[in-house]
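Just so you know, the sequences run in chain order A and B. The first sequence begins at 64 in our numbering and counts up one residue at a time. The second sequence begins at 47 in our numbering and counts up one residue at a time.
Keep in mind that the hints were calculated from the coordinates and are not lab data. These numbers come from a predicted model, not from an experiment. Be careful, since some hints might not be right.
Said to hold, decoys possible - Residues from chain A that face chain B, not an exhaustive set, calculated with beta carbons under 8 Å:
(1) Met83
(2) Glu87
(3) Glu90
(4) Glu91
(5) Leu92
(6) Val134
(7) Phe137
Backbone N, C-alpha and C define an ideal beta-carbon position, used for all residues, glycine too.
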Amino acid sequence: MPEGLHDFLLRLSSLFRKRMLDREMLEELEFHHTMLRDKMTREGLPHSEACIIAHRAFGNQARWHERLREVWQFQSFENLLRDVSFSARLLRKSLGFTIVAVSTLALGIGANTTIFSLINGLLLRPVEAPHSEQLTLIGTYQKSRGDRGLSYGFNAPYLRSLERLKQSGKLPFTDIFGYFGTLFQVRGNSGNEEIRSAFVSGQYFSGMQVAPLLGRYLTPQDDVPGGSSAGLAVVISEGFWQRWFNRSPDVIGHKLIIANKPFTVVGVMPKQFKGADPAQRPDLFAALADEPIIDAPYSMVNSGYHAWWLNIMARRQSGASIEQANAALAALTNVVIRDSSDAGFIKDALDDQTRFTAESGSRGFSYFRVMFEKPLEIVFAMCVGILLLACLNLTSLLMARSTARERELATRLALGATRRRLIQQLLIESVMIAVMGTAAGLGVAPVLSRMLAAMLLSAAGQRAQLDTSLDSRVLLFAALIAMITAILVGFVPALRATSGTLADQIKDGQYAKQSNQRKSLIPRVLMATEVCLALMLVVCAGLLATSVIRLYRVGPGFDPHGLVNLNFNMAKQPLEGDSLLRLYKQIGEGIEHQPGVKSVSFVQIVPLSGSDMTESYPDVHGQDQIVHANKIGPSYFQTMRIPILEGREFSWEDTKTNGSKIILDQTAATLLFPDRNAIGQQISYGKNQYQVVAIVGDAKYNDLRAAAPPTAYTPITQDSFSKGSYTAVVRLEGPAAPFATAARSLTTRLAPDIPVPVLTTMSGVLEDSIASERMMAILSVYFAFCALLVTGIGLYGTLSYATARRTSEIGIRMALGAQRAQVIGLVFRENAGIALVGSAAGVIAAYFASQVLASFLYGTSTHDPLVLGASVLALVTIACGASLLPALRAARIDPMAAIRCE
Amino acid sequence: MVREKEVDPGELIQGTLEMLILKALVRGPAHGYAIAEWIHLTSHQVLKVEEGALYPALHRLQLRGILSATWGASTNNRRAKFYQLTALGQKRLNAESQRWARLSAAVAFVMQAS
Numbered sequence: 064m065p066e067g068l069h070d071f072l073l074r075l076s077s078l079f080r081k082r083m084l085d086r087e088m089l090e091e092l093e094f095h096h097t098m099l100r101d102k103m104t105r106e107g108l109p110h111s112e113a114c115i116i117a118h119r120a121f122g123n124q125a126r127w128h129e130r131l132r133e134v135w136q137f138q139s140f141e142n143l144l145r146d147v148s149f150s151a152r153l154l155r156k157s158l159g160f161t162i163v164a165v166s167t168l169a170l171g172i173g174a175n176t177t178i179f180s181l182i183n184g185l186l187l188r189p190v191e192a193p194h195s196e197q198l199t200l201i202g203t204y205q206k207s208r209g210d211r212g213l214s215y216g217f218n219a220p221y222l223r224s225l226e227r228l229k230q231s232g233k234l235p236f237t238d239i240f241g242y243f244g245t246l247f248q249v250r251g252n253s254g255n256e257e258i259r260s261a262f263v264s265g266q267y268f269s270g271m272q273v274a275p276l277l278g279r280y281l282t283p284q285d286d287v288p289g290g291s292s293a294g295l296a297v298v299i300s301e302g303f304w305q306r307w308f309n310r311s312p313d314v315i316g317h318k319l320i321i322a323n324k325p326f327t328v329v330g331v332m333p334k335q336f337k338g339a340d341p342a343q344r345p346d347l348f349a350a351l352a353d354e355p356i357i358d359a360p361y362s363m364v365n366s367g368y369h370a371w372w373l374n375i376m377a378r379r380q381s382g383a384s385i386e387q388a389n390a391a392l393a394a395l396t397n398v399v400i401r402d403s404s405d406a407g408f409i410k411d412a413l414d415d416q417t418r419f420t421a422e423s424g425s426r427g428f429s430y431f432r433v434m435f436e437k438p439l440e441i442v443f444a445m446c447v448g449i450l451l452l453a454c455l456n457l458t459s460l461l462m463a464r465s466t467a468r469e470r471e472l473a474t475r476l477a478l479g480a481t482r483r484r485l486i487q488q489l490l491i492e493s494v495m496i497a498v499m500g501t502a503a504g505l506g507v508a509p510v511l512s513r514m515l516a517a518m519l520l521s522a523a524g525q526r527a528q529l530d531t532s533l534d535s536r537v538l539l540f541a542a543l544i545a546m547i548t549a550i551l552v553g554f555v556p557a558l559r560a561t562s563g564t565l566a567d568q569i570k571d572g573q574y575a576k577q578s579n580q581r582k583s584l585i586p587r588v589l590m591a592t593e594v595c596l597a598l599m600l601v602v603c604a605g606l607l608a609t610s611v612i613r614l615y616r617v618g619p620g621f622d623p624h625g626l627v628n629l630n631f632n633m634a635k636q637p638l639e640g641d642s643l644l645r646l647y648k649q650i651g652e653g654i655e656h657q658p659g660v661k662s663v664s665f666v667q668i669v670p671l672s673g674s675d676m677t678e679s680y681p682d683v684h685g686q687d688q689i690v691h692a693n694k695i696g697p698s699y700f701q702t703m704r705i706p707i708l709e710g711r712e713f714s715w716e717d718t719k720t721n722g723s724k725i726i727l728d729q730t731a732a733t734l735l736f737p738d739r740n741a742i743g744q745q746i747s748y749g750k751n752q753y754q755v756v757a758i759v760g761d762a763k764y765n766d767l768r769a770a771a772p773p774t775a776y777t778p779i780t781q782d783s784f785s786k787g788s789y790t791a792v793v794r795l796e797g798p799a800a801p802f803a804t805a806a807r808s809l810t811t812r813l814a815p816d817i818p819v820p821v822l823t824t825m826s827g828v829l830e831d832s833i834a835s836e837r838m839m840a841i842l843s844v845y846f847a848f849c850a851l852l853v854t855g856i857g858l859y860g861t862l863s864y865a866t867a868r869r870t871s872e873i874g875i876r877m878a879l880g881a882q883r884a885q886v887i888g889l890v891f892r893e894n895a896g897i898a899l900v901g902s903a904a905g906v907i908a909a910y911f912a913s914q915v916l917a918s919f920l921y922g923t924s925t926h927d928p929l930v931l932g933a934s935v936l937a938l939v940t941i942a943c944g945a946s947l948l949p950a951l952r953a954a955r956i957d958p959m960a961a962i963r964c965e
Numbered sequence: 047m048v049r050e051k052e053v054d055p056g057e058l059i060q061g062t063l064e065m066l067i068l069k070a071l072v073r074g075p076a077h078g079y080a081i082a083e084w085i086h087l088t089s090h091q092v093l094k095v096e097e098g099a100l101y102p103a104l105h106r107l108q109l110r111g112i113l114s115a116t117w118g119a120s121t122n123n124r125r126a127k128f129y130q131l132t133a134l135g136q137k138r139l140n141a142e143s144q145r146w147a148r149l150s151a152a153v154a155f156v157m158q159a160s
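Pulled out of the complex, with its shape left as it was, chain A reads as follows (with noise of 0.2 Å):
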């Protein structure tokens, strides 16, 4: 065991039986006392001179037994005491300062956590799972997806035959699963609810290694179509079951309807069993088998080789390595593919040279990681770019300020302090500040995570949700940024402050006559740095910032203020075919008479709600094109504000025995009929033949960023399914709150089979369409607004403590007849010269820094030379404002005062 530690664990030993230790060390000094007196006695001397002789011998036995109790003291900790005391008592008198010091680093720490609790939420946190390192996550690589090739997205026929595969041994995974999180309808006591659930294959459970808090998970034998011989099955989560059965223990066997089928509860999961998906956490898990019935009509199940919907997971058998898994997989790959009876579709796949792949699974897997991995590595960037800006401000201060403490700590080197101890105390007093910091900015991390994680994840609605708690990585990383914060900002100015005799300082003292030069390089540095970050930082909040302008600028092609959705899911409800479009007539009438409303509509896709739908049809010399479509009820356009061009909207007349009707967008009909006018034309699309009754304006479909895509819309009164749930569209004048009441309640009385239509506002649609952008201009403008803010305070702190030593040196240069402005112009050059190359450095610096922003920016140059040219400019304007401050009060100097003060 090395020395120190010995000592250490003895020190701290001691402090348990300090009673016991102190009789012991009496005790030896008592009998080395004893023995002296003893041995004097021996040697004939009567017995009291003997005592007399020994307690001289032997000296004041108190004072011995004081010094060995200092040696079992704790002298580092007892001085660390005193020096935080003296600390608290130093930051509690320049108050001014401590609150600019801890605000600035609070800034800093608090959106590094905050962002850092986003990452680790949906990056970093390992799934909740036993031997979670086993966890495999299956992807596929496809030749035709460019890039890296890679998507997650699987059909059930896929799973199916990986499934075979695994049972016959020839893939090296204990156990291989498919998920799927969505929606379920459950019904409650009013009415059916939508339910965060996950449809989840045989093995999901088993491979998960999780054990069900009550009942019994689900296994491969409800995996199958209809369930085991004991009916349908679902697992529920503990909070759910807290929630609808007030954790009653006999909740197993109870029936719950979802999609109006009866489903047993037949076991509970823990509360920290939260899924494969990090962003899901489903309250209610039924088999994969069971879709078909809970998604009916739509099922993807159903769908086959054409629905890439499952993930798909596996634990890999102890031993075996993600490299094996991945040779297992691409050796199996196409005999997965030739499982498929459907020559067309293994020619394709084989064409695309489809290769399934492996790869750590340990984080779970999200849609969301993919979409938000690039944007928050990217604000994260901004944030320690933040950190780094107040640790430098941090510095450039705490520098400035213990210049004015050069005497005093000059002094107590002079009278024996050892140059490591005012180090120590120096430093005592940055992690104060760091700790006073961290904590604030902990304070704070918890609820601006979680907004932002709602902002990120609003487009994904109930479907979503991302535990950002702080947990102990996050507080480990909070914990290890304060301490390299302090050390980074602490260390430099206790260096610099102590490195003076006090020879040196007494001759300088308040002279005028005081070496400037010699020590200004690193503060002018560390300064013009400050300066060049906060450039860098302005210049990308301006370019993101200006890109979402924009691109709300370039607008969707309708108008989407005053623009509320409801959708209408008519999946599991009776009606059908015309008596399904009289009730949607009945609706929108319905709608149409609540106040406020000035038009109302239906259509099958919301634009920008992120999905699409495509058709191919032929154009005039019979070549396919590749269409978007939609299905659209009449008055859309009105309702939409697309201008119709020419000809007419659709009406409720336009039936299926009137003959097919299609409305082109400007695109669609110049593409199609490039050389004529498109009105009255008619398309032939398989036995059907489509007449355009009308050319409307490009609206923007699935992507705000693209261009509008040619688009063709025909009315939802012709649509060959007889059971489509469409989203009514409502052109509003006046608050939307009691409109949402109202069409609450006219949905329950007039469809009582249909859950609760919900209530969206296009504008809101419209923003989550873009919003990993937007979440990037809103962080960078309000971090750049903060740099700016701490430069300033940076520079005007600085700025004003060099001043102030110059006070005398400015009174004689006045008194010998400088001019006021002279003055000003000898402060105020100063800050120029840090302020010029700052932004030098930084406009250099930006422009190359901001080329990993062209992939988010929209209709904006990485060097735009306007966003470039206005940063420079706020930043100039901030330093020259920094900067006049001191220069003014400067000028406002009285000669024969400050000459006085000498």
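Keeping the supplied structure of chain A fixed, place chain B upon it in accordance with the hints.
Structure of chain B alone, referenced to chain A:
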């Protein structure tokens, strides 16, 4: 910072005292008084170990794991604290005595130079 101090010829600077304590314990466990006596006698009564220096040194060595301590009975049947070399202490003593031999030889060379 090293502060100069008046040095009594019989007083030992700390490093040397520690070495002597270790040496005294080579023959087996001993209590503080016996150590002081042994050093005093073996040095032909030249070196006198101050109690105020001896016990802090002993305790420091114990804290660093160079000595271990147990309570036992002394020859006259009194309870006393006996110190003993640990393995680490043995190693330290070897290193120290080599260092000392080199040092004293070097000093001797210098002093014998004519």
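Results of checking the hints against the structure:
no.	hint	result
1	Met83	violated (11 Å)
2	Glu87	holds (7 Å)
3	Glu90	holds (7 Å)
4	Glu91	holds (5 Å)
5	Leu92	holds (7 Å)
6	Val134	holds (5 Å)
7	Phe137	violated (11 Å)
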